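Trainee: Here the protein sequences come in this chain order: R and U.
Everything in the first sequence is counted per this note's numbering, starting at 1 for the first residue and increasing by one.
Everything in the second sequence is counted per this note's numbering, starting at 1001 for the first residue and increasing by one.
The hints are simulated quantities; they were obtained by calculation from the structure and are not laboratory data.
Treat the hints with care, as some may be off.
Stated by the list, open to error - Output of the computed footprint for chain R on chain U, the stretches with three or more beta carbons under 8 angstroms from beta carbons of chain R: (1) 1043-1052; (2) 1104-1111.
Unchecked claim - Quick list of in silico lysine-lysine cross-link-like pairs, DSBU-like style, CA-CA up to 35 angstroms: (3) K1022(U) to K1036(U); (4) K1041(U) to K1071(U); (5) K69(R) to K1009(U); (6) K1019(U) to K22(R); (7) K69(R) to K1022(U); (8) K1022(U) to K1041(U); (9) K1036(U) to K1052(U); (10) K22(R) to K1041(U); (11) K1052(U) to K77(R); (12) K1019(U) to K58(R).
The structure presented is a predicted model; accordingly, all values stated were derived computationally and were not measured.
For each residue, glycine too, the CB sits at the ideal point set by N, CA and C.
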Amino acid sequence: AQSVAQPEDQVNVAEGNPLTVKCTYSVSGNPYLFWYVQYPNRGLQFLLKYITGDNLVKGSYGFEAEFNKSQTSFHLKKPSALVSDSALYFCAVRDAGSSNTGKLIFGQGTTLQVKP
Amino acid sequence: DTAVSQTPKYLVTQMGNDKSIKCEQNLGHDTMYWYKQDSKKFLKIMFSYNNKELIINETVPNRFSPKSPDKAHLNLHINSLELGDSAVYFCASSRRQAPSGNTIYFGEGSWLTVV
């Protein structure tokens, strides 16, 4: 069965500092991994995804994520946080070895708080 | 210009009522979804349609009935609303159900409150 874990409910970081939002996954086959961001009272916006190839994936708003197969992780990172990055972040996974129903499994979400 | 649009954005209704949420996508995608976000912000898929054909039904009560008149629209009808149905419902779409690397794009959500 597919699953995603985001071990931190909240991450606090000062503006200008680097940020990391953690994500680990479990799938039976090869994973397709995604990060989404949700601002208050808004929908989910796609940030980036890992399908294959380079383990470091770059996405929107200066975010990047590193796929680590041995640690089954896909942590989201940004070199310098902005106050406007404060939001709820979701990691999600699809199992490439599944029946390809397209079902995306989400982690429980991590609230990122960037303080000035 | 909105890619995935859903209406209404906010809906307050009484228990026992029937309500519908409409969704339209202008991305030319073949696959559409309904996700539910509960009060703890947890997201779970409810339904998925591919070219108007139901492909995922995640043990949702049969009070919830999706309808896809064409591949650009996926509406959600809910009968006999219960307090526990209060949630945010997100419509989404993607190019195809497979390959699974296709990105899913979400609408802005519909906030349903049952009183």
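Trainee: Which hints from the list above does the structure break, by number from lowest to highest?
Mentor: 5, 6, 7, 11, 12
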